[in-house]
Amino acid sequence: MSALPTLSVMIVDDEAPARTRLRDLLADVAAKVPNAVVAEAANGLLALEAVEGRPVDVALVDIRMPKMDGIELARHMARLEHPPAIVFVTAYDSYAVQAFELNAVDYLVKPVRAQRLVDALQKVRQSRPPAPQILSRIQQGARTHLSCHERGRLLLIPLPEILYFKADLKYVTARTSSREYLLDESLTHLEEEFSERFIRLHRSALVAREAIAGFEKSATDDTETQWQALLRGVADKLPVSRRQWPLVKKYAKKLSS
Numbered sequence: 047m048s049a050l051p052t053l054s055v056m057i058v059d060d061e062a063p064a065r066t067r068l069r070d071l072l073a074d075v076a077a078k079v080p081n082a083v084v085a086e087a088a089n090g091l092l093a094l095e096a097v098e099g100r101p102v103d104v105a106l107v108d109i110r111m112p113k114m115d116g117i118e119l120a121r122h123m124a125r126l127e128h129p130p131a132i133v134f135v136t137a138y139d140s141y142a143v144q145a146f147e148l149n150a151v152d153y154l155v156k157p158v159r160a161q162r163l164v165d166a167l168q169k170v171r172q173s174r175p176p177a178p179q180i181l182s183r184i185q186q187g188a189r190t191h192l193s194c195h196e197r198g199r200l201l202l203i204p205l206p207e208i209l210y211f212k213a214d215l216k217y218v219t220a221r222t223s224s225r226e227y228l229l230d231e232s233l234t235h236l237e238e239e240f241s242e243r244f245i246r247l248h249r250s251a252l253v254a255r256e257a258i259a260g261f262e263k264s265a266t267d268d269t270e271t272q273w274q275a276l277l278r279g280v281a282d283k284l285p286v287s288r289r290q291w292p293l294v295k296k297y298a299k300k301l302s303s
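Going by our numbering, the sequence shown opens with residue 47, and the numbers climb by one from there.
Any given hint could turn out to be false.
To be verified - Okay, derived cross-link-like pairs now, SDA-like style, lysine to any residue, Cα gap no bigger than 20 Å in a straight line:
(1) K78 / L154
(2) K212 / E239
(3) K216 / Y227
(4) K216 / A188
(5) K169 / G187
(6) K283 / Q272
(7) K78 / P51
(8) K283 / E238
(9) K216 / E226
(10) K169 / T136
(11) K296 / E242
(12) K295 / S241
(13) K169 / A82
(14) K263 / R288
(15) K263 / E226
(16) K212 / F261
If you're looking for bench data, these hints aren't it; they were derived computationally from the structure.
Predicted model only: the values in this text are computed from it and were never measured.
All chains should be built: construct the whole structure from the sequences, respecting the hints.
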């Protein structure tokens, strides 16, 4: 009988004692499920940095963490070229546990028991990472970052840095003050998720409310007057459609008051 391959494990938890306990438990169960801890991180942002270019079979991910919670982290990890299997860890057995079960996402409830950890690790060998659409239904609230692939890397874009989204054919770009990022997202879903932060100017553009510096009229070639949004930090001007202007006009009045 051939020996089982060793699972490479990442531990992600904002509490150092919790990481230590998981590391000790993993050592205790190594005879049953060979494993090696290859990385640890205190939040989702640090976890994505740690996993860059490093093969990880399974990530034990706490759900409630500062800066980036475990569910958002799992959504970004699912976009990696070789995504790890995700085992969520939670201190709250009522926190979306039913949703995890229905969607075959494994979870551990703190304090984690050795046999329960063994069971979860054994499932990992047959499991697939949770689909991003499943994770989006589970996540409570909007993401703090978006991610995109560029030259073989997964880049994170903080939401507060995004000035606007613009759709062009089948692609959507996110514009910051320094550059553009190509996203694998739909403008409709972005509008639904970030409705409190962004406002639609026309069918192919969403702009961050805080990025709007004002509005000006511009005459088109056929002398028809059109409103444009002026933005902070960039010279770009975004046209406002006649259909959206009544809604945008209300925000413009708030801006000038």
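Discussion item. K169 and A82 were given as a pair; does the straight-line alpha-carbon distance stay at or below 20 Å?
Written reply: Within the cut-off at roughly 17 Å; holds.
Discussion item. Check the hint pairing K212 with F261 against an upper bound of 20 Å on the C-alpha distance.
Written reply: Measuring from Cα to Cα gives roughly 18 Å; hence the hint holds.
Worksheet entry | 20 Å Cα cutoff - pair K216, A188 | violated (23 Å)
Worksheet item: Does the alpha-carbon distance linking K169 and T136 stay inside the 20 Å limit?
Response: Distance ~18 Å between K169 and T136 Cα, so the pair holds.
Worksheet item: Given the hinted pair K263 and R288, is their alpha-carbon gap at most 20 Å?
Response: holds (12 Å)
Discussion item. Between the alpha carbons of K283 and Q272, is the straight-line distance 20 Å or under?
Written reply: holds (12 Å)
Worksheet item: When you check the alpha-carbon spacing of K216 and E226, does it fall within 20 Å?
Response: Distance ~16 Å between K216 and E226 Cα, so the pair holds.
Worksheet item: Are the Cα atoms of K283 and E238 separated by 20 Å or less?
Response: violated (23 Å)
Practice prompt. Measure nothing beyond the straight line between the CA atoms of K78 and L154; if it is 20 Å or shorter, mark the hint as holding.
Written response: It holds: about 18 Å lies between the C-alpha atoms, which stays within 20 Å.
Practice prompt. Compare the distance between the alpha carbons of K295 and S241 with 20 Å, and conclude whether the hinted pair is satisfied.
Written response: Answer holds: K295 to S241 is near 17 Å, not above 20 Å.
Worksheet item: Does E242 lie within 20 Å of K296 when you go C-alpha to C-alpha?
Response: Measuring from Cα to Cα gives roughly 15 Å; hence the hint holds.
Practice prompt. For the pair we were handed, K263 and E226, check the Cα-Cα distance against 20 Å.
Written response: violated (26 Å)
Violated hints for the displayed structure, listed by number in ascending order: 4, 5, 8 and 15.
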